[in-house]
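**Student:** Chain by chain, the residues:
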Amino acid sequence: MPGDPAAAPQLSLVVGCFEMQRELPRTLHTLAVPYQHGVRQEQYEVVVVDNGSTVPVTAAQFAALNLNLRVVHVPGAPHSPLPALNRAVAETSGGIVGMMIDGARMLSPGVLDAALRMSQTGPRTIVATLNFHLGPDLQWISLQQGYNQTIEDRLLDAIDWRQDGYRLFDIGVRPDNCKDGWFGALSESNALFMPRALWDELDGYDTAFSSPGGGAANVDLFGRATALADIRLVVLLGEASFHQVHGGVSTNAGALAVQRLKEHSREMLRVRGKVWSRARVEATYYGPTGAAALAAFERAPLSRTRPHGVRPGGGPIATRYIDLVKTVLLNEHGLEREAQLGLLRADSAAPTPVEITRAAQRLVWSRMRGQDVDVAAHRVPLAYTMIGRARLENLAACVATVLEDGIPGDLIECGVWRGGAAMLMRALLAERGVTDRRVWLADSFSGLPLPRAGTDDGVDISAAVAPELAVSLEQVQANFAAFGLLDHQVCFLRGWFADTLPQAPIGTLAVLRVDGDLYSSTMDVLEALYDRVAPGGFVIIDDYGPLDQCARAVHDFRDRRGITEPLEMIDCDGAVWRRAWPGQSA
Amino acid sequence: MLTADEVKVRMTANIAELLDRPVDEIDPAADFGDYGLDSADAVLLAGALEEILDREVEPTILLRHRTLTGLIDELTSAGMVG
Chain D
1 MPGDPAAAPQ LSLVVGCFEM QRELPRTLHT LAVPYQHGVR QEQYEVVVVD NGSTVPVTAA
61 QFAALNLNLR VVHVPGAPHS PLPALNRAVA ETSGGIVGMM IDGARMLSPG VLDAALRMSQ
121 TGPRTIVATL NFHLGPDLQW ISLQQGYNQT IEDRLLDAID WRQDGYRLFD IGVRPDNCKD
181 GWFGALSESN ALFMPRALWD ELDGYDTAFS SPGGGAANVD LFGRATALAD IRLVVLLGEA
241 SFHQVHGGVS TNAGALAVQR LKEHSREMLR VRGKVWSRAR VEATYYGPTG AAALAAFERA
301 PLSRTRPHGV RPGGGPIATR YIDLVKTVLL NEHGLEREAQ LGLLRADSAA PTPVEITRAA
361 QRLVWSRMRG QDVDVAAHRV PLAYTMIGRA RLENLAACVA TVLEDGIPGD LIECGVWRGG
421 AAMLMRALLA ERGVTDRRVW LADSFSGLPL PRAGTDDGVD ISAAVAPELA VSLEQVQANF
481 AAFGLLDHQV CFLRGWFADT LPQAPIGTLA VLRVDGDLYS STMDVLEALY DRVAPGGFVI
541 IDDYGPLDQC ARAVHDFRDR RGITEPLEMI DCDGAVWRRA WPGQSA
Chain W
587 MLTADEVKVR MTANIAELLD RPVDEIDPAA DFGDYGLDSA DAVLLAGALE EILDREVEPT
647 ILLRHRTLTG LIDELTSAGM VG
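From first to last, the protein sequence lines stand for chains D and W.
This note's numbering applies: residue 1 is where the first sequence begins, and numbers increase by one.
This note's numbering applies: residue 587 is where the second sequence begins, and numbers increase by one.
The hints are simulated quantities; they were obtained by calculation from the structure and are not laboratory data.
Accuracy of the hints is not assured; some may be wrong.
[As the list claims (entries may be wrong)] Below, a sample of chain W positions facing chain D; criterion: calculated Cβ distance under 8 Å: (1) ASP606; (2) PRO608; (3) VAL609; (4) ASP613; (5) ALA615; (6) GLY619; (7) LEU631.
Each residue gets a CB set at the ideal place from its N, CA and C atoms; glycine is no exception.
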């Protein structure tokens with residue numbers, strides 16, 4: 001009971017929410033044991049402050065989570081949740097106050113344990129986390145590029161986050177409170193922990209901030225907290241919060257988000273007389289707290305200041321060969337030049353060295369996840385593939401697995417662009433001296449087809465609209481030849497999938513990589529080739545995440561065929577499933 | 587209407603605050619890119635400019651101009667500052 005010292009939990013975690021029927025259940029799931037590791041339910045209480053949602057939140061909805069949960073209802077849906085949040089903290093008794101002003105943010109599994117441990121290291125220790133956004137970029141950018149709740153649901157459904165919450169790092173790319181990586185300066189934290197005495201010393205949120213949602217008050221709170229005397233700021237590594245898109249579905253949600261950010265900036269200037277800035281305080285870093293958190297830390301793009309492929313020499317020459325091929329296919333060795341060219345293209349003035357360095361750093365991050373393509377802006381990477389490091393590594397792992405498990409068959413990519421992914425497949429066969437398998441490339445070699453009526457949502461990215469997606473057969477062959485990989489084990493199927501694939505002289509396939517974007521292209525490939533994929537073989541769908549019509553084709557096909565093998569996201573774009581096979585371990 | 591100089595002084599203070607640098611290190615003729623300002627910073631500064639001018643400002647104005655001087659010049663020729 002609140003106020004009863006005998007039963008007082010160590011941590012009182014206050015979660016703000018308004019109209020979050022979709023988001024709050026996920027958030028609360030991430031706050032409960034066993035999702036949260038290393039803590040016991042009785043160590044903390046969760047207080048949801050429902051700021052007047054149309055359909056009020058009830059604790060009973062979440063009984064199955066076994067959370068020590070209370071819901072506070074704020075009548076009348078006031079603009080600002082701040083008075084109610086302050087009141088909620090005052091009514092709790094945990095020695096540590098945790099504040100999540102935005103209930104749309106899911107946590108990774110080690111946040112509460114790490115926050116409890118670190119909060120106990122001193123009376124003036126505050127614990128902060130990075131605020132990641134789900135999706136391929138910060139949501140106020142990605143929303144303007146087509147990201148939405150439907151895509152987000154699809155990504156979340158295909159990572160089994162309830163089982164392994166660190167997989168959120170695979171579909172959440174950048175934090176909004178820290179632009180320079182894990183060790184950069186923070187502007188705020190959406191899961192913030194501090195001793196109750198410090199919360200009282202700060203007098204909680206400053207209710208002079210009165211914008212909807214609390215405006216810049218969270219930035220202000222963090223700034224004031226980190227400016228207190230003798231403060232120790234601890235930032236968690238390999239843990240984070242992940243923001244779900246909320247606030248209704250609107251076609252101009254991205255522009256609205258920019259508008260909101262601007263208004264928050266105005267309010268900060270009005271209330272504090274200055275723009276918001278990042279905290280000027282030294283930080284201590286804690287974590288990663290275990291193997292899964294370490295892996296998450298390492299694969300988060302922002303962990304990298306250099307391209308993924310850069311590594312010390314040594315090791316078997318065959319491994320080094322494959323590493324080099326991947327690096328060159330992704331142009332990771334030339335990112336600085338690529339950044340320079342990009343800046344020159346966007347602006348005729350010569351870019352400054354600082355601009356080039358920053359642009360190259362952004363490329364390091366976007367190349368990790370293959371987020372370099374903007375068809376509308378005619379922007380494609382200066383690389384042999386646009387799938388990025390994560391999907392290229394997945395492809396390599398799929399090929400290695402079928403070879404090691406003795407899954408028979410050839411390898412195919414349908415929709416090859418410049419051929420990079422298929423070149424890697426050929427190189428992997430070469431590395432292992434495999435001579436009895438072939439690599440197939442199916443493509444029109446003249447760009448994408450016109451959208452098919454009825455299924456393709458009218459999306460036209462044919463050569464007339466997107467010439468940079470059309471790469472000739474001769475060019476792809478020249479690319480293979482440049483790597484010394486063009487030989488009889490590489491076969492080309494030129495033409496539309498519906499024309500070439502049904503009759504293609506292909507026997508069994510061990511890896512089927514589908515990169516056709518459209519519903520019709522995706523379905524044509526699956527119809528023609530799925531039955532040729534050996535048990536234990538892999539089916540990779542490059543565009544499953546961002547493209548509704550591609551995902552729809554996959555769902556329609558899997559439903560029709562009764563395919564139940566789990567579909568898993570590789571990153572924000574690609575998904576993969578493996579056909580069941582007799583040798584499969586349970 | 588605020589004068590160009592008044593706006594310049596206040597925006598210099600804001601940029602200094604955002605970058606955590608002393609005001610006297612902010613050169614109005616220096617390239618924004620060289621200070622490492624990014625598009626999110628541009629939105630924040632657009633908000634600040636809105637508050638100063640009390641009228642709507644598109645964040646793109648900060649991306650179009652590479653220097654504070656250039657920005658103020660546009661505001662002047664648009665009749666937004668005196």
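**Student:** State the violated hints by number, sorted upward, taking the hints as numbered earlier in the document.
**Tutor:** 2, 3, 4, 5
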